[in-house]
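K.L.:
Sequence:
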Amino acid sequence: MSVTNSDKVHAGLQQAETEKAPLKIIIVGGGIGGLTAAIALRQQGHEVKVLGTHRVSHVSQVYEQSRFANEVGAAVHLVPNAISVLNHLGVSPELHGANELKSDWLLTHRAHFHEHLKSTATSDEGPGMPVQLFRSSKVQRVDADQGIVYLGDGQQDQADAIVGADGVHSACRYAVSDDHPSPHPSGQNTFRFLLDRKELENDAETSSHINPEGVMDSWYSADQKVIVYPCANNQLLNFVCIHPAALTEGLVDADGTKLKEEMLSIFGHFSPIMMSMLRKAEPSDLKLWPLLDMATLPRYNVGRLALIGDAAHPFLPHLGQGAAMAIEDGAAVGIMLSQGVTSNEVPERLALYNEARYERDCLAQAYTRLTGQDGIKPSEGDTSKLNLNNTFEYFVPHDEVHASTQILRQYLWKQHKSLRWRQPTVFGPMPGPRQIPKECSQGSVPSSVTTATMRLKTSATLLQNLFPNEAYSFSRGASIAEMSFSVQEFRNLAWLGGGGYNRFSLYIHDVRYTKQDGTHTYGYYCPVTFEDSVDSIITGREELGWPKLYSEIDIQRPSKESMEVSISWRGAKWASFWLHGLHEANSEAKNTLTDGHEDPSTMENGLLLHRFMPSSSQISSPEPDAEYDVFIPKPSGGDESEGHASKDDTTSDPAELVSKEAGVQVLTLGWEKLPTINHIVERIAELPHFDIVSASLKTQVGGRGFPDGYRIS
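Going by full-length UniProt numbering, 543 is the number at position 543 of the sequence shown; the sequence numbering is gapless.
Hints were generated in silico from the structure; no laboratory data involved. Every residue, glycine too, gets a C-beta built ideally from N, C-alpha and C. Zero decoy hints are in this set.
Quick list of simulated restraints, FRET-style, between CB atoms:
#1 E627 with K102: 55 to 63 Å
#2 D203 with D124: 41 to 49 Å
#3 E393 with D145: 37 to 45 Å
#4 V215 with P181: 32 to 40 Å
#5 Q140 with H184: 17 to 25 Å
#6 Q556 with Q464: 29 to 37 Å
#7 S123 with D253: 33 to 41 Å
#8 E125 with A222: 51 to 59 Å
#9 E348 with D124: 28 to 36 Å
Work out the full structure: start from the sequences and follow the hints.
P.N.:
Next up, the structure:
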C-alpha cells in the first residue's frame with residue numbers, strides 16, 4: 001500500500017482532482033529521511049527538472065553531498081511508528097537483513113537499509129516516476145521564496161518545492177531561520193563498531209553472555225553505558241559505547257588504534273565479560289562520534305522549502321527515534337504535496353507539513369534529551385524521570401500517514417465554506433442532492449422526475465390542526481381549504497449513482513406565514529412526506545428540516561393513460577393513489593376539472609417546512625435542541641418538486657397530462673400493523689375529500705436540490 005492510495009482524501013464535495021502537471025521537487029540530501037521523502041513524492045506522481053540541457057522526463061532528483069557507499073552509522077532502530085510508514089510506502093526492510101527485536105520493531109544495518117530505500121526510490125517498478133540521484137552535489141544555499149538551489153560548481157536549479165534533508169550540518173537550514181542555530185556538542189560522545197556474532201559465540205569467555213537472537217542489551221555505569229543489539233539477520237552485533245565527551249576530547253579524527261586504546265581505558269571498570277567483547281573491536285572499524293544537539297528551530301518551513309530529519313531536528317540516540325522521525329517527516333511531506341497540488345499551493349501545503357510535524361518532533365527531542373540523563377549514581381535515588389511508559393505510548397502507536405492525512409482532510413474541508421455537514425460528521429461532508437461528488441457520473445441517460453398531483457378541497461379546520469404553530473394560517477378565511485397529494489418518481493439521479501426513489505407527499509395550499517415583524521410569506525406547507533429511500537429521507541430531514549418518513553411506494557403504469565400507486569409499511573398497504581384517463585392538457589379539459597376555480601398558485605411563492613430537532617435528554621430537557629420554520633423559494637417555472645437529479649441543475653419544461661378520474665384512499669390499519677406511523681395515517685385518513693380541483697401528471701428532465709432554502713427569522 002502506498003501513500004498515494006492513503007492520501008486520496010475525499011473531502012465530501014465535487015473534488016476529484018483534474019489532471020494537473022506534476023510538481024518539480026528537489027530533495028537536498030539522500031539519507032534515510034531524504035530517500036523516504038523521495039519515495040513518498042514519487043508515489044504522488046511528482047518530478048524534478050534535471051540540471052543541464054539534456055531533459056530527462058518523469059524523474060525526481062535528490063542532491064546528495066555524501067557518497068552513498070560511505071553511508072555510516074552501523075545499525076539503526078526501525079521502531080513501530082517507522083515501520084507503519086514503511087508499510088504504507090511498500091518498503092520491507094526485513095527482506096534486506098533487518099531482524100525483529102519485538103513485534104513491529106526491527107534492527108537493521110544502516111547501509112543495508114539505505115540501499116533498500118535507494119533501490120525502491122530509483123526502481124522502474126512501483127508507482128510513480130523513478131527518482132534520479134545526483135551524488136556528491138555540493139549545495140551552497142537555497143532561495144526558499146523562488147525555489148532555487150545553488151550548487152558549489154556555480155550551477156543552479158529551480159523547483160516548485162525544495163525538501164531540505166541534508167542532515168545535521170544543513171545548508172538549507174539557514175533559509176528557515178534568521179538566527180540559523182548550529183549543532184553543538186551535547187556533552188556525550190560514542191564509540192561505534194560491529195562484531196561478528198559467531199566470533200563471540202565461539203569464545204568461551206563471552207559465549208554464555210550472548211543473548212538469543214533479537215535481544216538488545218544495555219550495560220550501565222554512573223555516566224557511561226554500552227548498548228549491544230543485533231542487525232544483518234542477527235549475524236552482526238552493533239556496539240554503542242556512550243561516555244562523557246570530555247574523556248575523548250580532540251580524538252574524533254584519531255586513528256583506530258588510538259581510539260581502541262582510549263575506549264578500553266574509559267570502560268575499563270565494566271565487567272570482565274564486557275571488556276573481553278570490547279577488546280575484539282577491529283581498529284579499522286572503530287569510529288568515534290560526537291553526539292550533537294541543537295536549539296529548536298522556530299519552524300520547519302519557509303516559502304517553498306521544508307526541512308526534514310536532522311536538518312530540522314538533530315536527535316540524540318537515547319530513544320532510537322531519530323530515524324523514525326526522519327521517516328515520518330518524509331511521509332508527511334509526501335502527503336501534504338499530494339497529487340494534483342499546484343505550484344501556487346506549495347507554500348501553504350508546506351506550512352501544513354510544519355503543522356503536522358513540529359510539535360511531535362519537538363516533543364521527541366525533549367523526551368530524548370530527558371532519557372539521556374539516565375545514568376544512575378549511587379547518591380541519586382530519584383528515578384522518576386526514567387519512567388518511559390508514557391513516552392513510548394506517545395511515540396510508538398503513532399501512524400504518521402494516517403495522522404497527516406487527517407490534517408490534510410481537515411484543511412481541505414476548511415477551504416470550502418459552503419460544504420454541507422450532517423451525521424456522521426467524523427467521516428467528512430456528506431454527499432447528497434445538494435452536494436454531488438464529481439465521481440458520481442451522470443451517465444448517458446438524463447435524470448428525470450415524474451410528478452402526479454391531485455389537488456382537492458377539504459376541511460379548513462382539519463388542515464389547520466396540522467399547522468405546527470400560530471404563525472401559520474390560511475391566506476383567505478373560509479371553512480373550505482385545499483390540499484394536494486403528490487406522487488413523485490425520481491430516476492437516474494447522479495447523487496444516487498444513477499439510481500432513484502419514490503415519494504408520496506401531503507401539501508396544504510394557500511398558506512400565509514406571519515413573521516415576528518408582522519410581514520407575511522405565502523406558500524404551501526408540507527406536514528409529512530413518505531419516501532422509499534433511506535438516503536433521501538436522511539438528507540431531506542437533516543439538511544432541509546423536511547418531515548420525511550419511510551414507506552414502500554410501488555408505482556405502476558398499466559397503460560399510457562393511467563398510473564396506480566400503492567403505499568405500504570413493511571407489506572401493510574395503507575394508501576392507494578390513482579390517475580386514470582390521462583390525456584394531453586388543454587384549456588377545455590382544465591376548466592372542466594377545476595369547475596372554474598381560480599388557480600391561487602400566484603400567491604404560493606415557495607415551500608414552508610417546520611424543522612424540529614429533539615433534545616438527546618428529553619426527560620431532563622424537554623425543550624428541543626432546535627425548532628424553527630424553513631422557507632424554500634419556488635423557482636421560476638413553479639416546479640414544486642425536490643428534483644435534485646442533475647449536477648448542473650438544468651431543467652426542461654415539463655410535458656403535462658391531465659386526468660379524467662383521480663383518487664386517493666387512506667386506510668387505518670391500527671398500531672399492530674403500522675406501529676411507527678399509525679398516528680399519522682389516522683390523521684390523514686380523517687381528511688374529507690370534497691371536490692377534486694385538478695389532477696395532472698408531468699415529467700421533466702433535471703431538477704433542483706433546494707439549495708436556497710433558509711430559516712425564517
